[in-house]
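> Each chain, written out:
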Amino acid sequence: MELNEIKSMWLSHENKLQSALKLNRHCLEFILTQRLHSQLIPLLWHRIIEVALHISAAALLLTFIIKNLSGPLYVTSAGMLLVFYTVAIVMCFKQIKAIRKIDYSKDIVTIQSLLVMLQTHLLNHARVAALCIPTFLAYPMVVSKAIRDFHLTGLQFMDIQNGYTGNWWSVQFKITIVLIPLCIWFYRETSYKNIHKRWVKLFIQKTSGTRVRKAIEFVNEIEELKREA
Amino acid sequence: MDTNSDKEKFMELMEQNKGIIFTICNSYCKNRNDIDDLSQDIVYNLWKSFNSYNTDLKFSTWMYRVALNVAISFYRKRKRLGSKVIYNERLIQFETDNSYEEAENLTLLFNFISTFKDMDKSIIFLYLENKTYKEIASIVGISETNVATRIGRIKERLKSDFQTAQNKDYGTK
Chain A
0 MELNEIKSMW
10 LSHENKLQSA
20 LKLNRHCLEF
30 ILTQRLHSQL
40 IPLLWHRIIE
50 VALHISAAAL
60 LLTFIIKNLS
70 GPLYVTSAGM
80 LLVFYTVAIV
90 MCFKQIKAIR
100 KIDYSKDIVT
110 IQSLLVMLQT
120 HLLNHARVAA
130 LCIPTFLAYP
140 MVVSKAIRDF
150 HLTGLQFMDI
160 QNGYTGNWWS
170 VQFKITIVLI
180 PLCIWFYRET
190 SYKNIHKRWV
200 KLFIQKTSGT
210 RVRKAIEFVN
220 EIEELKREA
Chain B
0 MDTNSDKEKF
10 MELMEQNKGI
20 IFTICNSYCK
30 NRNDIDDLSQ
40 DIVYNLWKSF
50 NSYNTDLKFS
60 TWMYRVALNV
70 AISFYRKRKR
80 LGSKVIYNER
90 LIQFETDNSY
100 EEAENLTLLF
110 NFISTFKDMD
120 KSIIFLYLEN
130 KTYKEIASIV
140 GISETNVATR
150 IGRIKERLKS
160 DFQTAQNKDY
170 GTK
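Quick note, the sequences are listed as chains A and B, same order.
Mapped onto numbering that gives the first Met the number 0, the consecutive letters of the first sequence carry residue numbers 0 to 228.
Mapped onto numbering that gives the first Met the number 0, the consecutive letters of the second sequence carry residue numbers 0 to 172.
Be aware that one or more of the hints could be misleading.
Unchecked claim - Derived DEER-like restraints, expressed as beta-carbon distance ranges:
| # | chain 1 | residue 1 | chain 2 | residue 2 | range |
| --- | --- | --- | --- | --- | --- |
| 1 | A | 101 | B | 5 | 52 to 62 Å |
| 2 | A | 33 | B | 4 | 40 to 50 Å |
| 3 | B | 144 | A | 184 | 36 to 46 Å |
| 4 | A | 193 | B | 14 | 45 to 55 Å |
Claimed, not checked - Among the chain A residues that face chain B by a calculated CB cut under 10 Å, a handful are:
| # | residue |
| --- | --- |
| 5 | 8 |
| 6 | 17 |
| 7 | 22 |
| 8 | 27 |
| 9 | 30 |
| 10 | 33 |
| 11 | 52 |
If you're looking for bench data, these hints aren't it; they were derived computationally from the structure.
Every residue, glycine too, gets a C-beta built ideally from N, C-alpha and C.
Here chain A stands alone, though its shape is the one from the complex (with noise of 0.2 Å):
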């Protein structure tokens, strides 16, 4: 069959059916009178509170930074943390314009497009995370120093700058050095342009769920269709 013949098949079909289709009125105005929320709230207020705790965060070190200028190691420990906490204040503040920015009416390829960024969030979470892993030794460094800036006996266990020696802090820095690269190569891996490899579709599907596996499908489906003219 022709695509000129399925169109004239459709044509008269949809002639018919103009005809035996009735509209429910009372639906109709049923729907017209909800106050329904749009889910994109939830999200958006999701966003609004990670950007808090973000801005929190990334003050406390500022402050740390500030308290400790004469101190290089604990400046660039904080300094470490505090670019991974502004990266993610960076990434909310784009979702939240993102969602501001919906509007069901512009084209399919521009709206699918956010939508997709708004479900692949997570995903960028995970990725972000794993490029912190060679940062690790950043945490108990500030950690330790704040102890002992605040004189929080109570948590002198956590002082790991007290129990361990030169040999325990060279095994850490070798660990770190060989994580760097690591970390880069599978940050640079989970994208989504990656998601026929087996492997990365897996990580994706456990971190961010089928639904984010469909939505990362159709981003490239839609870039396939960009590439075919």
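For chain A, the structure is supplied; the task is to place chain B on it using the hints.
Below, chain B without anything else, positioned relative to chain A:
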């Protein structure tokens, strides 16, 4: 926005374009409950966006954009985008309930389209609705060349699908 005159105008436009909602729902959903949910979701989102309707755009073009965006998201998420169950009655009803079973080819066509990817579904649907390449490009958000290329591919695929179905049918007789 929800003054009585807006509401009346909206309801009149829905009455004129009910076929669009019905056909989109039937193209994107497989079962009756999903069709009912999606049709209500589409109308709800159309009403919500009604104040942003730009009169430079044809009403049907605007309506296709909103309806297809809601349908694609619904299809992907398998649940409502904007609401909980709104109303337990069917929004669009058949006066005669046998219009679908009438045409075997039409049922086949809906089956074939249901296996298409989301974007292909939208493109072929708009093409069958007699939209020009320019209109399809504006609704979907891709270039006219993209539309032409994709329609060419869909055409080949549909032709082969119908051919296979005919051969099977012939083989069984």
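> None of the hints should be skipped; say for each whether it holds.
Right, here's what the structure says about each hint:
Checked against the hint of 52 to 62 Å, the pair residue 101 of chain A and residue 5 of chain B fails, with Cβ atoms roughly 22 Å apart. A C-beta distance of roughly 19 Å is found between residue 33 of chain A and residue 4 of chain B, which places it outside the suggested range of 40 to 50 Å. At roughly 38 Å, the beta carbons of residue 144 of chain B and residue 184 of chain A sit within the given window of 36 to 46 Å. The beta-carbon spacing between residue 193 of chain A and residue 14 of chain B, approximately 49 Å, falls within the hinted interval of 45 to 55 Å.
Restraint check, residue 8 of chain A versus chain B: the minimum CB separation of about 6 Å is within 10 Å; hint holds. Against a cut-off of 10 Å between C-beta atoms, the interface hint on residue 17 of chain A holds, since the closest Cβ of chain B lies about 5 Å away. Checking residue 22 of chain A against chain B: minimum C-beta separation of about 5 Å stays under 10 Å; hint holds. Interface restraint check for residue 27 of chain A: the shortest CB-CB distance to chain B comes to about 6 Å, inside 10 Å, so the restraint holds.
For residue 30 of chain A, the interface hint holds, since its Cβ comes within 10 Å of a Cβ in chain B; the closest pair sits about 5 Å apart. The restraint placing residue 33 of chain A at the interface with chain B holds, with a minimum CB-CB distance near 6 Å, inside the 10 Å limit. Of the supplied interface hints, the one on residue 52 of chain A is violated, with its beta-carbon coming no nearer than about 27 Å to a beta-carbon of chain B, more than 10 Å.
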